[in-house]
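There are 2 protein chains.
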Amino acid sequence: MKVSVLGYGTVGVGVCEMIEAAEGLELGKVLVRPGKADKPFKVCSIEEICADESVDAVVEVMGGVEPAYSYLSAALRAGKHAVTSNKALVAARGPELAKLAAEKGVGFLFSAACGGAVPFLHNLALAAESDRILALGGILNGTTNFMLDSMQRSGMDYGDALRQAQALGYAEADPTADVSGLDALRKIMLACAVAYDKLPCEGFSLEGIESVTAADVKHFQAKGLVLRLLVRGGESGDGRIYAFVQPYLLAASSPEASVLQNFNMAKYRGENAGDILLIGQGAGRYPTASAVVRDLSDIAHGRRTMMKASCERVAADNSVCSCRYYVRLPAACADALPLAEKELDGALLRGVTEPLAVTDMHARVKALRESGAAVFFAAMED
Amino acid sequence: MKVSVLGYGTVGVGVCEMIEAAEGLELGKVLVRPGKADKPFKVCSIEEICADESVDAVVEVMGGVEPAYSYLSAALRAGKHAVTSNKALVAARGPELAKLAAEKGVGFLFSAACGGAVPFLHNLALAAESDRILALGGILNGTTNFMLDSMQRSGMDYGDALRQAQALGYAEADPTADVSGLDALRKIMLACAVAYDKLPCEGFSLEGIESVTAADVKHFQAKGLVLRLLVRGGESGDGRIYAFVQPYLLAASSPEASVLQNFNMAKYRGENAGDILLIGQGAGRYPTASAVVRDLSDIAHGRRTMMKASCERVAADNSVCSCRYYVRLPAACADALPLAEKELDGALLRGVTEPLAVTDMHARVKALRESGAAVFFAAMED
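Residue numbers (our numbering), protein chains in the order written: chain A, 1 to 382; chain B, 1 to 382.
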């Protein structure tokens, strides 16, 4: 199978190397930015790749929605299989690409967009064909896991943990998408689409790790708890999709707590299979490239679909899930939340709420923050 | 795809239910023991199934090498795809079945034979096509993990842990294959065949959990260590395959230590992908059935091969791996092992050896036991 690659950055270089080394795969032309075509195998035009009848598949590792969407659509229309690592693209335009692939009878796979080397979407797609997927979740952002693990293990504060992650290349110069939870949210959107044939596109509840302090972490440790940023997704009995990202406090003996540094852990529960946990490197040149090349092998074996052509966009409804929440807020704001337990910590109040719907808790905290209160919260794992 | 099932025991019933519920699959005739064909869908002859041209695939969940081997060979010769959960069969006759399947151009998959619901062999086969697999391992026997976890958490002794596992249906009346490590060994044999195209068939090093006492576990706990029965497999730089089973002492924060009760954890390290860990239920009606039905879906998508037709039998050579070993033995036998650390515990000696080749350590302990000494040992994770 001859494969052209769109993009020659960190992941693109890894994909090209792995294609050249893999039995049964051959590297075709590689699309680079205008002016960067300094070698014969590099071209600057998608048309050249689409017109090359010897190319069987196209890998997109450029990032961003455009021009990635236009380029990959063109490749699919030209009858090429498509593989991408681009979660922003699939979250925004996955259903259109899935329909186009189905019309053309070619493959469209995107394992590397969710969990890097962790074979999450691949296994989820296969499991969902014969088992009912009861729930999805896990740690799907390595940057924030690295930062939380550093804060937990060395007692460093949020700013130092972020600077350390940036120095090691685990966090971007602008870390917003990671620390806000948006990156993890896009991944659980894709997992819901694969498991339930429904891509949640609005109605999300999103809380990242920006509010956690070294003092908070010290409090959790004293209680034997570990903080992790988790995603959750699923389908309620009446067909409503939920999908949210928020910090969780977990027992130190939980599998999530054993996920260290920048590793990812994806989890699904099948009605028959039970809980399946998948752990590995969620990012990086070769881990991500390995997922891209696995998808190419999978297409060579005959697989075509990860997101069905019938996949529809829906609004998430996170009112179907409830949690008790650990919360730290100004003592003066105590009445804003129904607290089952509370203790004073100077001018701060630390406590645990009664069970609250995820939507309710996120709305209450938003209102508190708009009134100027600094609030941290994390769901308690029951 | 119409599927006939050979065997209607615990797993067989689950497979039949899942086939009937799955889109795209249809249940054909089911082979039962002579005299048990009390319903029209049950037959007692493999010939009847092989002669049925409407049957596309045959699932074997009878267990044992014969008549399973003769029956599955007959099905393959009749041009049916074959899926099995039978590790004894694949360990003994996998290469012959793989050759026959390749000759006939049909599928032969056996995910359920290794790790139950854990999608180990499936992902390993896919990864091995484009990545070099540097090492294999994990916890591949749920019975012994359940027993060790019980001993660790409640302080119970070996006999009580075994009786509890038997009462809960996690251990057989004759638990030898589980507690000796033989069951786990068969699974790492299959994983080596999938990853390296070489099925190790002799030269194994095998130590189970029969020698561990409640006093041993108390000692480990005082040092913050957790005991697990692990498999290891891999290929040395010069192409020698190693495959062994032995207890390991691990840090309480290790991923292996977080695998509780009767769960399994499979692990592989890809040169590009890095470490991938897969955790789930290693046995039970529906978890095992889910793996069988996943293989059927995989065949429907076009996959044919998990073990290649070129797979050759080799002797394992475990002299390529070395460990430091924790050991408990009669104080009078202290000179039988090169000890880097030691402490007296009444008439017993507890210590840690210098690094020793796996083969060397297993041979030394065998000699000690033959001379009547009671010895426990476990590798120390470095």
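I should point out that these hints are in silico values taken from the structure, not numbers from a laboratory. No experiment lies behind these values; they were computed from the predicted model shown. Ideal Cβ placement from N, Cα and C applies to all residues, glycine included. Careful: at least some of the hints might be erroneous.
Where chain A lies over chain B, by a calculated footprint (3+ residues, C-beta under 8 Å) [as the list claims (entries may be wrong)]:
| # | region |
| --- | --- |
| 1 | 13 to 24 |
| 2 | 202 to 214 |
| 3 | 275 to 285 |
A quick look at each hint next to the structure:
Requiring three or more residues with a Cβ within less than 8 Å of a Cβ of chain A, the coverage given for the region 13 to 24 of chain B holds, as 6 such residues are present. A stretch counts as covered by a chain when three or more of its residues have a beta carbon under 8 Å from one of that chain; for the region 202 to 214 of chain B and chain A the count is 0, and the coverage is violated. For the region 275 to 285 of chain B, the stated coverage by chain A is satisfied: 8 residues place a CB nearer than 8 Å to a CB of that chain, which reaches the threshold of 3.
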